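Residues per chain are reported as follows:
There are 4 protein chains.
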Amino acid sequence: MLNVGIIGASGYTGVELARILAGHPEVRLTVATSRQYAGKPLAEVFPNLRKRVDIVCENLGVGDLLGRADFFFCAVPHKTAMDIVPRLLDAGKKVVDLSADYRIHDAAVYEAWYQAHSSPQLLSEAAYGLPELYRDTIRAARLTANPGCYPTSVILALAPLLRNGLIHTSTVIIDSKSGTSGAGRAANVGTLFCEVTDGFRPYKVGGTHRHIPEIEQELSAAAGHPVTISFTPHLLPISRGILSTTYASLTEAGKEADLQSLYEQTYGSEAFVRVLPAGTTPATQHVRGSNCCDIALQQDPRTSRIIVMSAIDNIVKGASGQAVQNMNLMNGFAETTGLMGAPFFP
Amino acid sequence: MLNVGIIGASGYTGVELARILAGHPEVRLTVATSRQYAGKPLAEVFPNLRKRVDIVCENLGVGDLLGRADFFFCAVPHKTAMDIVPRLLDAGKKVVDLSADYRIHDAAVYEAWYQAHSSPQLLSEAAYGLPELYRDTIRAARLTANPGCYPTSVILALAPLLRNGLIHTSTVIIDSKSGTSGAGRAANVGTLFCEVTDGFRPYKVGGTHRHIPEIEQELSAAAGHPVTISFTPHLLPISRGILSTTYASLTEAGKEADLQSLYEQTYGSEAFVRVLPAGTTPATQHVRGSNCCDIALQQDPRTSRIIVMSAIDNIVKGASGQAVQNMNLMNGFAETTGLMGAPFFP
Amino acid sequence: MLNVGIIGASGYTGVELARILAGHPEVRLTVATSRQYAGKPLAEVFPNLRKRVDIVCENLGVGDLLGRADFFFCAVPHKTAMDIVPRLLDAGKKVVDLSADYRIHDAAVYEAWYQAHSSPQLLSEAAYGLPELYRDTIRAARLTANPGCYPTSVILALAPLLRNGLIHTSTVIIDSKSGTSGAGRAANVGTLFCEVTDGFRPYKVGGTHRHIPEIEQELSAAAGHPVTISFTPHLLPISRGILSTTYASLTEAGKEADLQSLYEQTYGSEAFVRVLPAGTTPATQHVRGSNCCDIALQQDPRTSRIIVMSAIDNIVKGASGQAVQNMNLMNGFAETTGLMGAPFFP
Amino acid sequence: MLNVGIIGASGYTGVELARILAGHPEVRLTVATSRQYAGKPLAEVFPNLRKRVDIVCENLGVGDLLGRADFFFCAVPHKTAMDIVPRLLDAGKKVVDLSADYRIHDAAVYEAWYQAHSSPQLLSEAAYGLPELYRDTIRAARLTANPGCYPTSVILALAPLLRNGLIHTSTVIIDSKSGTSGAGRAANVGTLFCEVTDGFRPYKVGGTHRHIPEIEQELSAAAGHPVTISFTPHLLPISRGILSTTYASLTEAGKEADLQSLYEQTYGSEAFVRVLPAGTTPATQHVRGSNCCDIALQQDPRTSRIIVMSAIDNIVKGASGQAVQNMNLMNGFAETTGLMGAPFFP
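Protein chains in written order, with our numbering: chain Y, 3 to 348; chain U, 3 to 348; chain P, 3 to 348; chain G, 3 to 348.
Because the hints were derived from the structure by calculation, they are not lab data. A couple of the hints might just be wrong.
Put simply, identical chains are the same to the list, so a pair is met inside one copy or across any two.
Straight-line distance between alpha carbons at most 27 Å, and here's what the computed DSSO-like set of lysine-lysine pairs gives [said to hold, decoys possible]: (1) K95 with K257; (2) K81 with K96; (3) K42 with K206; (4) K257 with K96; (5) K53 with K206; (6) K257 with K206; (7) K95 with K53; (8) K257 with K42; (9) K81 with K257; (10) K206 with K81; (11) K81 with K53; (12) K96 with K206; (13) K257 with K53; (14) K81 with K95; (15) K95 with K42; (16) K206 with K95.
The model shown is predicted, which means the values in this text are computed figures rather than measured ones.
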């Protein structure tokens with residue numbers, strides 16, 4: 003049994019990590035930190051965990067954490083993470099970091115979109131934790147940067163086209179829609195029930211969302227040359243789920259390729275990526291509560307464009323589930339351990 | 003007082019027409035037809051109308067309708083409408099048709115996307131009922147084709163750019179999201195509460211939705227040359243509302259223009275189009291229950307694209323409200339009569 | 003034209019007052035206060051009001067308000083209201099107060115459930131603003147205490163039974179369910195979208211909700227003797243709407259009475275109370291956005307109980323709509339002015 | 003490995019059975035029937051099951067089923083079930099029946115609320131499948147009648163009080179609220195998204211819901227004498243979840259008892275019943291997707307009533323999860339096998 007800790011357990015990714023780990027046969031949750039709820043059972047903060055998770059939140063510094071677990075999920079905001087992670091690594095711990103702090107390989111890019119980085123030396127070392135693309139790297143890593151939720155949905159959708167030169171990379175447009183849990187559990191007027199329900203809106207339009215450099219880094223790596231995208235996020239009146247609709251113009255090679263087969267071959271042996279039959283579309287309600295990413299593609303013969311659509315549960319494949327998938331790889335467990343639950347519908 | 007009738011009163015556009023007309027000081031609803039609910043008060047079918055609308059549904063043929071009203075809203079499905087409308091016109095009635103049957107000027111295009119047309123001679127006569135673009139034509143019309151819900155949101159969003167040559171017309175991509183009332187009131191598994199709630203999905207992807215020829219007709223007219231678009235509709239877990247996110251590459255002229263000012267000038271005197279301040283975004287919950295269309299635009303300097311976003315209530319500005327706006331114009335009433343109610347929020 | 007002011011315009015009752023008043027032909031909104039949003043147009047705080055309401059929020063003391071309007075809606079929290087209202091009255095203004103501060107006639111009861119009262123001398127003067135029960139009193143009042151949302155739904159449902167001695171008053175149980183807008187617009191974790199959506203829960207169980215003394219005061223008045231009730235509120239995942247399900251054992255007189263007729267006679271001439279046909283049930287979605295209260299009743303012959311159900315929109319008949327109804331009465335306008343819009347459905 | 007079959011797999015209880023069984027280590031799903039979807043993979047009907055469940059729906063008579071599995075879940079409507087179950091038993095199979103056909107011990111009562119019974123001889127044999135009350139009986143049964151969803155929530159809530167004579171049984175009032183999945187997957191206007199969302203309503207008021215005789219049978223058994231209840235169901239705009247709020251007057255013994263301790267002792271060792279701390283309330287969103295039943299109780303000293311509240315996921319503890327729990331007991335598996343997943347929140 004591996005002793006694991008959650009640093010920052012009181013957010014939505016924290017409760018979901020605890021839920022998943024409660025059903026994981028190879029690990030034991032031995033410590034969970036929360037400044038706000040120190041001294042409270044986590045199951046009091048999140049009553050869904052009653053009789054399933056009995057850990058008590060603690061407010062601990064890094065030094066006090068080291069003896070408490072061998073593996074850590076760091077689920078604190080970016081900037082905070084970069085001060086914690088190096089000390090965990092120095093003490094010989096392995097870490098999956100769920101913040102943005104180690105996702106960007108290029109410190110200059112990170113600093114342009116976020117702020118100064120206090121441990122840039124780790125940027126080149128950290129594995130980008132998308133197992134379907136970087137499985138072997140992750141297996142060998144002591145630090146894995148868990149991908150952002152939007153990037154997960156987008157990169158899995160577009161990588162096969164980019165790797166094979168099937169689309170004009172200057173034409174990529176990504177229209178993404180996310181459930182409200184992506185905004186976290188902070189008390190803000192903008193995410194009150196009455197502000198969100200029975201409504202829909204875009205936000206951070208025009209190339210300003212911080213997931214853009216992460217998406218571009220990975221799409222560029224897949225394409226073999228720099229890719230610049232348009233990306234527009236929207237807020238859905240649902241709690242869980244991201245649906246990304248991506249558009250690109252096909253190259254001549256793309257027009258002639260059997261794209262459906264390409265995707266089926268690429269992802270056929272993946273447990274968590276499901277390529278849907280031609281003519282169907284993914285839906286967030288069909289991946290809810292699971293680590294699945296559903297992908298469908300459709301050509302538009304009138305415009306020679308390809309539309310690739312992907313759906314994930316943003317808290318699972320877009321955060322905590324993928325983090326556990328990475329933990330499994332980093333510790334030699336079967337990759338799917340604790341994660342094979344089917345989505346729940348309705 | 004103008005006597006008006008609703009043909010096909012038992013759908014969601016029917017009940018909304020009845021709701022709006024109940025507060026309209028210049029008209030009297032004198033007849034409402036429904037095959038399914040013949041003999042039932044409309045307020046029994048839709049209890050929201052109790053003590054506000056006291057008409058009883060009747061199952062009447064066109065001949066029996068002629069003596070009952072001077073103006074008709076035809077709210078039956080396409081194909082059915084084309085058999086009713088000519089007989090109403092022949093009897094000297096004026097008509098707003100809410101189906102698709104008279105929206106497309108070119109019979110060949112109509113027949114390619116729908117089916118054979120039984121009264122193609124009316125296609126060139128019918129006014130396209132988007133008052134912000136065709137106000138004078140509508141005033142003079144005896145038949146107005148009420149626009150589709152998606153087209154209303156898209157055309158108002160893009161017309162200013164196209165008229166002024168500010169975007170490359172081959173780059174237009176439209177990602178639209180609609181509330182479920184757009185699917186009507188028929189009993190289908192796909193629109194059951196449990197199938198739609200807490201979920202999101204695209205449908206009719208790849209250039210197949212029947213609103214495409216209508217959108218392209220109007221965008222082409224605005225541009226002065228044929229425009230072909232990519233259009234992807236999605237189903238939102240809300241009852242009312244459409245949000246369209248449209249993308250296009252700016253021409254050199256477009257890059258230099260003050261687009262915010264252009265929109266403010268274009269729509270500044272319109273009662274129902276609200277151009278939002280720069281930096282903000284529209285939201286369906288801010289137009290709910292009203293005849294408003296909210297529009298915002300944002301340039302993406304990284305990709306030289308413009309993103310125009312628009313929000314309407316699909317049953318009001320996208321159907322019944324716009325139909326009443328057209329009725330007002332066709333009968334010499336003030337255009338805004340009965341339609342100035344502010345949106346409901348929360 | 004009557005000049006009216008809203009004190010505390012930035013909550014959900016404030017925006018709804020502004021929406022209703024924008025369509026009221028007899029009044030002009032001349033001042034709206036908000037500490038938090040001073041200097042901002044109210045339509046910037048609530049974008050649904052754009053092009054319909056052009057007032058700017060101000061942070062004003064009572065002294066500065068007096069010259070700005072002749073009639074005031076006081077929409078600030080209880081305890082704050084009691085310091086403002088007396089000064090408005092002293093200056094000769096008429097007031098509808100939407101807080102709880104003047105609803106309870108007995109200062110000792112008020113102080114037992116709330117806190118010390120600074121203007122108890124007004125408690126006996128204030129009209130209880132339920133027009134269907136106290137129309138004439140309200141017409142003559144300079145201060146009307148607008149009823150609470152739950153009390154409005156409950157009192158209208160039970161008054162006819164109590165006035166006629168048709169139920170055993172010791173058996174009254176009230177199970178109420180409210181939309182989340184009733185919790186206001188403060189940023190709390192408990193009313194975040196993700197905490198409320200796709201869920202349902204009771205709160206303040208066991209006789210602790212502050213609407214209890216108000217309900218009991220009015221039910222006692224209707225019965226002619228003290229009535230003690232059980233009252234359980236619940237939180238619905240909807241923005242607007244209250245549905246109260248009330249239970250009581252019928253007296254012998256009650257078992258023999260034609261209760262359906264009693265209700266139809268009691269409320270037949272009311273514009274805003276709709277007694278539903280026997281065998282049907284009210285639904286919050288059928289009163290949404292309107293000042294209506296729908297009531298249905300059903301006997302349970304197995305237990306000799308009567309179940310009375312009522313539905314209102316908590317922000318309209320439960321707050322701002324009823325406040326305008328009271329303003330109409332207090333100023334000699336037709337009672338229904340500005341309030342006859344039919345509910346919107348779907 | 004036990005071979006199990008699902009008869010009637012295409013409803014919401016069917017898909018949930020398949021989801022749960024896919025994660026159950028002791029069983030193999032070997033046959034699933036559906037008339038409507040014969041020949042289709044179940045994962046095509048319910049895409050959430052892709053890559054997790056690979057069974058194909060078949061349209062089979064009972065005779066053809068016998069060789070295909072050793073244990074059956076019968077998930078067809080009442081009346082249909084009573085013709086299938088006896089033949090399965092005759093062939094030596096064990097059965098959990100999810101319909102109402104074997105829940106009522108007294109054939110006359112069954113026939114008064116439903117219709118004539120074709121296999122009444124089985125009524126006395128069938129175990130009532132509420133494991134927390136009838137664990138040993140179920141272990142020995144070859145036929146278990148899976149309880150209704152409402153009855154499960156109500157019986158677990160009230161049994162401790164009734165067994166100990168702590169409430170006056172003539173005062174029991176049950177106000178229940180259910181998610182829409184309880185209405186099944188049939189295409190009806192009344193359960194369309196637009197009819198249900200953002201709304202709330204009671205139905206089958208006044209002692210007419212068919213779960214009443216089932217509830218009364220079990221409450222009477224707990225009390226030791228006949229109990230007649232008032233029961234009002236309501237429809238919630240959520241997909242999963244039932245919350246029951248139950249009221250009763252305390253006897254003198256009840257007023258003096260430590261009720262919180264009684265519940266904690268009664269259910270302390272149960273894996274699926276969670277008694278909440280005093281002063282808190284259950285919420286459907288905290289049991290979502292799990293086999294848990296959360297119970298809280300609160301005395302109302304003003305009225306000497308006790309309010310017991312319970313929350314379940316109606317498809318899991320109220321149907322398919324409880325069915326698997328019963329299967330576990332009937333086959334000697336650990337009772338919690340496949341069912342220990344924590345609820346999903348948010």
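Structure-based check of all given hints:
no., hint, verdict
1, K95 with K257, "neither (48 Å within a copy, 52 Å between copies)"
2, K81 with K96, "within (19 Å within a copy, 55 Å between copies)"
3, K42 with K206, "between (36 Å within a copy, 22 Å between copies)"
4, K257 with K96, "neither (45 Å within a copy, 49 Å between copies)"
5, K53 with K206, "between (40 Å within a copy, 25 Å between copies)"
6, K257 with K206, "between (33 Å within a copy, 20 Å between copies)"
7, K95 with K53, "neither (29 Å within a copy, 34 Å between copies)"
8, K257 with K42, "neither (58 Å within a copy, 32 Å between copies)"
9, K81 with K257, "neither (44 Å within a copy, 36 Å between copies)"
10, K206 with K81, "within (21 Å within a copy, 40 Å between copies)"
11, K81 with K53, "neither (34 Å within a copy, 38 Å between copies)"
12, K96 with K206, "neither (34 Å within a copy, 46 Å between copies)"
13, K257 with K53, "neither (55 Å within a copy, 29 Å between copies)"
14, K81 with K95, "within (20 Å within a copy, 55 Å between copies)"
15, K95 with K42, "within (26 Å within a copy, 49 Å between copies)"
16, K206 with K95, "neither (36 Å within a copy, 46 Å between copies)"
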